[in-house]
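Undergrad: Single-letter residue listing:
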Amino acid sequence: MKSYTLGEIAKLLDVQLIGDDQVVINGLGTLSGAGAQQLSFLSNPAYIDQLSSCKASAVIISEKFSDICPTNKLISLAPYVTFAKASALFDLVPFPISRIHPTAIVHDSARLAEGVSVAANTVIGADVFIGANSEVGAGITIGEGSTLGENCKLHNGVTLYHKVSLGSNVIIHSGAIIGADGFGFAFDGKKSIKIHQLGSVRIADDVEIGAGTTIDRGTIEDTVIGLGVKIDNQVQIGHNCTIGNHTVICGCVAIAGSVRIGEYCLMGGASGAVGHISIADKVQVSAMSLVSSSITEAGMYSSGTGHMKTSLWKKLIVRFKQLDSIAKRLKELEKSTDKE
Amino acid sequence: MKSYTLGEIAKLLDVQLIGDDQVVINGLGTLSGAGAQQLSFLSNPAYIDQLSSCKASAVIISEKFSDICPTNKLISLAPYVTFAKASALFDLVPFPISRIHPTAIVHDSARLAEGVSVAANTVIGADVFIGANSEVGAGITIGEGSTLGENCKLHNGVTLYHKVSLGSNVIIHSGAIIGADGFGFAFDGKKSIKIHQLGSVRIADDVEIGAGTTIDRGTIEDTVIGLGVKIDNQVQIGHNCTIGNHTVICGCVAIAGSVRIGEYCLMGGASGAVGHISIADKVQVSAMSLVSSSITEAGMYSSGTGHMKTSLWKKLIVRFKQLDSIAKRLKELEKSTDKE
Amino acid sequence: MKSYTLGEIAKLLDVQLIGDDQVVINGLGTLSGAGAQQLSFLSNPAYIDQLSSCKASAVIISEKFSDICPTNKLISLAPYVTFAKASALFDLVPFPISRIHPTAIVHDSARLAEGVSVAANTVIGADVFIGANSEVGAGITIGEGSTLGENCKLHNGVTLYHKVSLGSNVIIHSGAIIGADGFGFAFDGKKSIKIHQLGSVRIADDVEIGAGTTIDRGTIEDTVIGLGVKIDNQVQIGHNCTIGNHTVICGCVAIAGSVRIGEYCLMGGASGAVGHISIADKVQVSAMSLVSSSITEAGMYSSGTGHMKTSLWKKLIVRFKQLDSIAKRLKELEKSTDKE
Numbered sequence: 001m002k003s004y005t006l007g008e009i010a011k012l013l014d015v016q017l018i019g020d021d022q023v024v025i026n027g028l029g030t031l032s033g034a035g036a037q038q039l040s041f042l043s044n045p046a047y048i049d050q051l052s053s054c055k056a057s058a059v060i061i062s063e064k065f066s067d068i069c070p071t072n073k074l075i076s077l078a079p080y081v082t083f084a085k086a087s088a089l090f091d092l093v094p095f096p097i098s099r100i101h102p103t104a105i106v107h108d109s110a111r112l113a114e115g116v117s118v119a120a121n122t123v124i125g126a127d128v129f130i131g132a133n134s135e136v137g138a139g140i141t142i143g144e145g146s147t148l149g150e151n152c153k154l155h156n157g158v159t160l161y162h163k164v165s166l167g168s169n170v171i172i173h174s175g176a177i178i179g180a181d182g183f184g185f186a187f188d189g190k191k192s193i194k195i196h197q198l199g200s201v202r203i204a205d206d207v208e209i210g211a212g213t214t215i216d217r218g219t220i221e222d223t224v225i226g227l228g229v230k231i232d233n234q235v236q237i238g239h240n241c242t243i244g245n246h247t248v249i250c251g252c253v254a255i256a257g258s259v260r261i262g263e264y265c266l267m268g269g270a271s272g273a274v275g276h277i278s279i280a281d282k283v284q285v286s287a288m289s290l291v292s293s294s295i296t297e298a299g300m301y302s303s304g305t306g307h308m309k310t311s312l313w314k315k316l317i318v319r320f321k322q323l324d325s326i327a328k329r330l331k332e333l334e335k336s337t338d339k340e
Numbered sequence: 001m002k003s004y005t006l007g008e009i010a011k012l013l014d015v016q017l018i019g020d021d022q023v024v025i026n027g028l029g030t031l032s033g034a035g036a037q038q039l040s041f042l043s044n045p046a047y048i049d050q051l052s053s054c055k056a057s058a059v060i061i062s063e064k065f066s067d068i069c070p071t072n073k074l075i076s077l078a079p080y081v082t083f084a085k086a087s088a089l090f091d092l093v094p095f096p097i098s099r100i101h102p103t104a105i106v107h108d109s110a111r112l113a114e115g116v117s118v119a120a121n122t123v124i125g126a127d128v129f130i131g132a133n134s135e136v137g138a139g140i141t142i143g144e145g146s147t148l149g150e151n152c153k154l155h156n157g158v159t160l161y162h163k164v165s166l167g168s169n170v171i172i173h174s175g176a177i178i179g180a181d182g183f184g185f186a187f188d189g190k191k192s193i194k195i196h197q198l199g200s201v202r203i204a205d206d207v208e209i210g211a212g213t214t215i216d217r218g219t220i221e222d223t224v225i226g227l228g229v230k231i232d233n234q235v236q237i238g239h240n241c242t243i244g245n246h247t248v249i250c251g252c253v254a255i256a257g258s259v260r261i262g263e264y265c266l267m268g269g270a271s272g273a274v275g276h277i278s279i280a281d282k283v284q285v286s287a288m289s290l291v292s293s294s295i296t297e298a299g300m301y302s303s304g305t306g307h308m309k310t311s312l313w314k315k316l317i318v319r320f321k322q323l324d325s326i327a328k329r330l331k332e333l334e335k336s337t338d339k340e
Numbered sequence: 001m002k003s004y005t006l007g008e009i010a011k012l013l014d015v016q017l018i019g020d021d022q023v024v025i026n027g028l029g030t031l032s033g034a035g036a037q038q039l040s041f042l043s044n045p046a047y048i049d050q051l052s053s054c055k056a057s058a059v060i061i062s063e064k065f066s067d068i069c070p071t072n073k074l075i076s077l078a079p080y081v082t083f084a085k086a087s088a089l090f091d092l093v094p095f096p097i098s099r100i101h102p103t104a105i106v107h108d109s110a111r112l113a114e115g116v117s118v119a120a121n122t123v124i125g126a127d128v129f130i131g132a133n134s135e136v137g138a139g140i141t142i143g144e145g146s147t148l149g150e151n152c153k154l155h156n157g158v159t160l161y162h163k164v165s166l167g168s169n170v171i172i173h174s175g176a177i178i179g180a181d182g183f184g185f186a187f188d189g190k191k192s193i194k195i196h197q198l199g200s201v202r203i204a205d206d207v208e209i210g211a212g213t214t215i216d217r218g219t220i221e222d223t224v225i226g227l228g229v230k231i232d233n234q235v236q237i238g239h240n241c242t243i244g245n246h247t248v249i250c251g252c253v254a255i256a257g258s259v260r261i262g263e264y265c266l267m268g269g270a271s272g273a274v275g276h277i278s279i280a281d282k283v284q285v286s287a288m289s290l291v292s293s294s295i296t297e298a299g300m301y302s303s304g305t306g307h308m309k310t311s312l313w314k315k316l317i318v319r320f321k322q323l324d325s326i327a328k329r330l331k332e333l334e335k336s337t338d339k340e
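Residue numbers (our numbering), protein chains in the order written: chain Z, 1 to 340; chain Y, 1 to 340; chain B, 1 to 340.
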């Protein structure tokens, strides 16, 4: 458990403290769940009613709501961002124990910069370069010629194929697989003939990639993930895709091959995009929606029907199949009524 | 191959035998596929016609259909449940060969109770506790401070992050990843700032988790999986979720963060739930349906259109986009016809 | 980098060369991206305008368009297939370094045919057989009694459970898990009772399986993947399924248990099929469509609504729920108008 005085926290987060700077904080809590010695936050005004009964020793809050906060407060223009920064102060993720674990298998030609740690049973191939202070977990394989920037963190069980390139400050969670073959075949009339995938994957700085996510290598050119992109668990990104800077991709999203997604987009959970399309900057796609053609204009997009009782739904999907007939019959009726 | 006399099986399953207790049974078969020396079952009455030609040496059957069964029979009130119990008798999953494999890397501070086996290349971190008779496969990593109850079985290649807690009799299949960071970021107007995930994952007794499934650690509090929950392959469960006791989650389900699912629910394959909603007890969601708002009442729920020929579908989705106009024009027509 | 003269390439691909057979080719490029010393191809006529400015040293092209190609050309009846074959010439996937890596743990009873390589930290169980020239990557586990044919390639981090059988020329990408327990439980009114999965998985020759894909073992009989089937990343195939020869399954497809898919089918990305249904030969299912009942006729099938602006979509899903009422009111109106 880490602990700080509230005064120390205010300095570290660079926010104004109203209250007792000597109170000791040893963790974070939600407004409803926090106890003494914990720091909470109010970001969503929907939770404002929880302030009065909140047992936290301090609350991160905007100036606007400061007056109604009954305890110590840290005044922030963006309480959720300040909370994010505070979360880093209390992170207890274990530090790597040894530099290069004796069971790690590092090829002679691989170069590891200063401060790199490599955990047990990890296999690092020929001509790999790993930048300063990067942390490579256990049971990882890094293929020939791949490169990592500085301060990367690969959690246990990540797989990088050959010639994959990561920028700095890249975090990759367990089970993610970067650089497997794109899914490319030419059908010769009888069988599928493999198109060897000669490109690779380039990942820019400050990217985070979730557990079990797969990003395929390009066919000829590279699959490219832009600066600051955040990708959740079990996302599939096909070969030849380009994901624009700062785009956020939620869990279980399926992006087919050769898709170009703009900057600052948000792909909702389990949404998807068909192949060979473009999506403009600042597009938001809602959960489980399929983008089936290019989107050229920023905005929010959805597909699907929304959920309902199955008994109702069964009637409606019968009607859905009659929609063309319904539309035509309505047109007829309008004509005949007009005439009268 | 294991074998039993039918009399032994009847005793082990605690059911009534009508027929020859000396016949030797060495496996299970379907009604249509079983041969001699095999035990079959009739649960779904749709298969009743297969009874007459069934070559099994015995059939698990309810009393109601007992008369029309031409061979030895085990009489059960719940033939499918009896079949499930019988399946355990013939399971040939290999036993672990050695207790602690010499290549396993177990931290000095980890405590392994009696009867624990750990297979090759598995890495067990500091302060881990593993309960009696638990079986830990090969190539697994168990993070610092995680705990397992008794009789757990972790198949090869499972990843537990730090401080994950499992109850007893928990089965986890290969490639499952428990306790990776939840997907939490605060957007500061330019970039996404990581919210460190300070909670963990708590999994109750008798839970089974499928291959490649990911369950994220909570932001502040824990992600919680209830008693007897069964989770299939490639399911994603976001941070801060609570899954109620005995709920069943089929393959490829995507559950966003902070979702609360009740007890005895069934999430159909590839269905999903958006974040921050609640689902009542005994809700069943059909395959590939999206739960886009809270469900407060037990019952069956669906979304989607059902599949159809693409040629028809192309017409209908054009009409779907005209639905608002169709509804308004119909209203107009009703008004004008009323007047006449 | 590999290089060939254009004359050598023409011979290797068995196509006619029009142009300079001495020009050196050291890679492939797209029509718009290729530079000197690269070979490009024209398959889709939509890209024909890029021919005139293409900088490639040669282009694979059909005879029909040969005249308008300004550089050296390889004349092919099927340029995309010829391109696929050319891609194999330039593949730089690293060769396995050692035959059996000293850290590999191979059970005494396992038999490895000539030319087999096994990389670091891989664990091979009792009674496994691996056919000639198969390449087994690092960090793999192969369960007791599994068999591989000749020329298979298992990328790093693949998991085969016990008694899985692969044909020859099978490629499996990292993180794929073959033979985990099917998702079978009998509900006894209070809890789910595990049905032990006694079958296994049989995979025919020439199959490719993508990263993170899971194929479950059968309950009693086997799950079967046919000849030449190509499966992309993160696909889930439930227990007891049969996938017909040469069928192609795109990324993130979810196939429930006991589904029978015909030959030469195409399951689009993130599509799915509910359990216990059949799909005829030569069926194509579009992206994110759910096959919710058997399909008996070849053709293309779809479900869903297509994407649209969320503002419009919100209106339409309200109307969707009124569809039954709309249809009935239209009928009424037609009746009343008829009478007049």
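Think of the hints as simulated: they come from the structure by calculation, not from any bench. Among the clues, some could well be false.
Identical chains share a label here; the pair holds if one copy fits it or two copies do between them.
To be verified - Restricting the straight-line Cα-Cα distance to at most 20 Å, the calculated cross-link-like pairs of lysine-lysine (PhoX-like) are:
id : residue 1 : residue 2
1  : 321       : 331
2  : 309       : 321
3  : 282       : 55
4  : 314       : 328
5  : 64        : 315
6  : 309       : 331
7  : 64        : 153
Undergrad: Hint by hint, say whether it matches the structure.
TA: We went through each hint and held it up to the structure:
Proximity of residue 321 to residue 331 under the C-alpha cut-off of 20 Å is found in both arrangements, the shortest distances being 17 Å within a copy and 16 Å between copies. In the homo-oligomer, the alpha carbons of residue 309 and residue 321 lie at most 20 Å apart both inside one protomer (19 Å) and across protomers (10 Å), since each shortest distance falls under that limit. Taking the shortest Cα distances, residue 282 and residue 55 never come within 20 Å of each other, neither inside one copy (39 Å) nor across copies (35 Å). With identical chains, the CA atoms of residue 314 and residue 328 are at most 20 Å apart between copies only, with a shortest distance of 15 Å across copies and 23 Å within one.
For the identical chains of this complex, residue 64 and residue 315 are neighbours neither inside a copy (50 Å) nor across copies (35 Å), given an alpha-carbon limit of 20 Å. Taking CA atoms no more than 20 Å apart as the test, residue 309 paired with residue 331 passes in neither setting, with 31 Å inside one copy and 24 Å between copies. Neither within a single protomer nor between protomers do residue 64 and residue 153 lie at most 20 Å apart by alpha-carbon distance, with minima of 38 Å and 53 Å respectively.
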